[in-house]
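J.: Below are the chains, spelled out letter by letter.
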Amino acid sequence: MKPDYERPVIQKLNTGLLNKFGSRTEQRPVKQIEGVAISDLMDQYGSPLFVISEKKIRQTYRRALKAFTMRYPKVQFAWSYKTNYLDAVCRVFHQEGSWAEVVSGFEYRKALGNGVPGNLIIFNGPDKSTEDLQMAVDNRSLIHIDHFDELYALIELLEGTEKRARVAIRVNMDTGVYPQWDRFGFNYESGEAWNAIMKIVTQKNLDLEGLHCHIGTYMLTPGAYSVATQKMCELAQATANRTGVKVKYIDMGGGFCSSNTLKGSYLQGVDVIPTFDDYAEAIVNTIMHFGFRPDELPLLILETGRALIDEAGSLLGTVLAAKRLSDGRRATILDIGVNILFTSFWYNHRISPAQEFTQHAEEMALYGPLCMNIDCIRESVSLPLLKRGDRVVIHEVGAYNMTQWMQFITLRPNVVMIDTNGKVHLIRKNETMESIVEQECLPDHLKDFTL
Amino acid sequence: MNIRKNIAISESGFIFNPLTGDSFSVNETGLFVLRKLKAEENEETILKAFQEEFELDRNTAEIDLNDFLSMLKSYQLTAYEEA
Chain F
1 MKPDYERPVI QKLNTGLLNK FGSRTEQRPV KQIEGVAISD LMDQYGSPLF
51 VISEKKIRQT YRRALKAFTM RYPKVQFAWS YKTNYLDAVC RVFHQEGSWA
101 EVVSGFEYRK ALGNGVPGNL IIFNGPDKST EDLQMAVDNR SLIHIDHFDE
151 LYALIELLEG TEKRARVAIR VNMDTGVYPQ WDRFGFNYES GEAWNAIMKI
201 VTQKNLDLEG LHCHIGTYML TPGAYSVATQ KMCELAQATA NRTGVKVKYI
251 DMGGGFCSSN TLKGSYLQGV DVIPTFDDYA EAIVNTIMHF GFRPDELPLL
301 ILETGRALID EAGSLLGTVL AAKRLSDGRR ATILDIGVNI LFTSFWYNHR
351 ISPAQEFTQH AEEMALYGPL CMNIDCIRES VSLPLLKRGD RVVIHEVGAY
401 NMTQWMQFIT LRPNVVMIDT NGKVHLIRKN ETMESIVEQE CLPDHLKDFT
451 L
Chain C
1001 MNIRKNIAIS ESGFIFNPLT GDSFSVNETG LFVLRKLKAE ENEETILKAF
1051 QEEFELDRNT AEIDLNDFLS MLKSYQLTAY EEA
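Protein chains in written order, with my numbering: chain F, 1 to 451; chain C, 1001 to 1083.
What the hints contain is simulated information worked out from the structure, not anything from laboratory work. If you're wondering where the values come from, they're calculated on a predicted model, not measured in any experiment. Some hints here could point you the wrong way.
[To be verified] If the Cβ cut is set under 10 Å, some of the chain F residues that face chain C in the computed set are:
| # | residue |
| --- | --- |
| 1 | Lys2 |
| 2 | Val9 |
| 3 | Leu13 |
| 4 | Ala322 |
| 5 | Thr358 |
[Claimed, not checked] Taking lysine-lysine and the BS3-like style, the derived pairs with C-alpha atoms no more than 27 Å apart in a straight line are:
| # | chain 1 | residue 1 | chain 2 | residue 2 |
| --- | --- | --- | --- | --- |
| 6 | F | Lys323 | C | Lys1038 |
| 7 | F | Lys66 | F | Lys82 |
| 8 | C | Lys1038 | F | Lys12 |
| 9 | C | Lys1048 | C | Lys1005 |
| 10 | C | Lys1038 | C | Lys1073 |
| 11 | C | Lys1036 | F | Lys323 |
| 12 | F | Lys323 | C | Lys1048 |
| 13 | C | Lys1048 | F | Lys2 |
| 14 | C | Lys1036 | C | Lys1073 |
[Claimed, not checked] Incomplete in silico selection of chain F near chain C, CB under 7 Å:
| # | residue |
| --- | --- |
| 15 | Pro8 |
| 16 | Ile10 |
| 17 | Gln11 |
| 18 | Lys12 |
| 19 | Asn14 |
Every residue, glycine too, gets a C-beta built ideally from N, C-alpha and C.
All chains should be modelled from the sequences, with the hints used to inform the complete structure.
T.: Structural data, given as structure tokens:
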């Protein structure tokens, strides 16, 4: 029997350039996800293919919930639809007890379609049409007001009616981190948030039920949450003292990190990110030490998205070609482009081969299939030798990719979910030529031509 | 294409270029090609030997061999050839 073939490679050895992390990024192939063979998945559902593990979602959710509930008696998670609004994914979170947190009329309707009661939908975001607001009022949803124009639109909408709206204000603030997120909601330090509160409490149709903030994304410093929580508690207390309105909840938004590695980060994400316990400690300690009476502790709402779903998603793909760049570097072209892996713009995603390989590795750039210079998945990564037809797994892609993806040059692929019993379910069909063209309308005079 | 005569090739695939002081490592297949080149076999012969030794088709062999030879050249491991 002939020995296995591996294409010939030569590597220049560099002395004096030590790498404390070693030269290899992957030690063994990833051949299965939740017990299902990757080769079977790709043979049946094609390449590329998004795979979501229901088991991982539930495990991560329960870990996050436990971190907070073991410290605080009143905790409620609300699933951030924008992070991944595939119905199957949303329903896993709703089965676990999550409310819905939406930021557009489209997402709002998706939550209703998923069977979430209107009064358990949190409506965030700067874009709420009059129609959206009317729907949210009628459904008794929690409307998180983003700006004065929205507040006044809501006041006008309810004027002369007996209807009441359940509202909160979105508050932005200086938490000691840079950049300060100040585009959402009303500013705390300038007094704008207070002005909004005063306007709301004087309206007969508005019930101020909570305070909300969203201090940033991929927050590496739990201390920022302590600062934010302190300011939210002070605002809640000032509101109670001066107006008599006791807010029922404090919503600390999202922003918890997943273990992906940010571009430019020296250390791997998994080594630097705070745990759910770290975040819970920062937030809950602040509330508990603030001085609320035990029977007046506000409900703590969390809208964590990324940290709950990223790890549950994998993207399977195939090597289209291996070529050389002008400086001799290896370039590997995958059928996964930035159009479906949007997060590759800010993460150095971990990538594993899905078949056996030898101990030899190559430094390479990983490109997608798009005829666009920006289509780069990894600028430089050391991976085992890859050849046309080889399969790869890109890890931790569950957050944002299946919502921010775009139909560009190629079509969006199938998405499957592996349930807790290892059964595979198609949860979003791949796009086809027909599904794209169906949306187009062709004027009569452009129907015929002769070349 | 010939490999330069003063290039040292070890049994384990360690390559040393005394002219530049550079050292390299090659995998088993790379070592196979280097030995053939050292024995002054031409590319066509190497291609055939490649297919006899390993389970692969002619096109893959050609693509991979050309890529490997281009790297040898870029690392200055090949003898000067008249244009």
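J.: Confirm or reject each hint.
T.: Results of checking the hints against the structure:
no.	hint	result
1	Lys2	holds, 5 Å
2	Val9	holds, 5 Å
3	Leu13	holds, 5 Å
4	Ala322	holds, 8 Å
5	Thr358	holds, 7 Å
6	Lys323(F) / Lys1038(C)	holds, 26 Å
7	Lys66(F) / Lys82(F)	holds, 24 Å
8	Lys1038(C) / Lys12(F)	holds, 19 Å
9	Lys1048(C) / Lys1005(C)	holds, 23 Å
10	Lys1038(C) / Lys1073(C)	holds, 14 Å
11	Lys1036(C) / Lys323(F)	holds, 24 Å
12	Lys323(F) / Lys1048(C)	holds, 23 Å
13	Lys1048(C) / Lys2(F)	holds, 14 Å
14	Lys1036(C) / Lys1073(C)	holds, 16 Å
15	Pro8	holds, 4 Å
16	Ile10	holds, 5 Å
17	Gln11	holds, 5 Å
18	Lys12	holds, 5 Å
19	Asn14	violated, 9 Å
In the structure shown, a violation is registered for the earlier hint numbered 19 alone.
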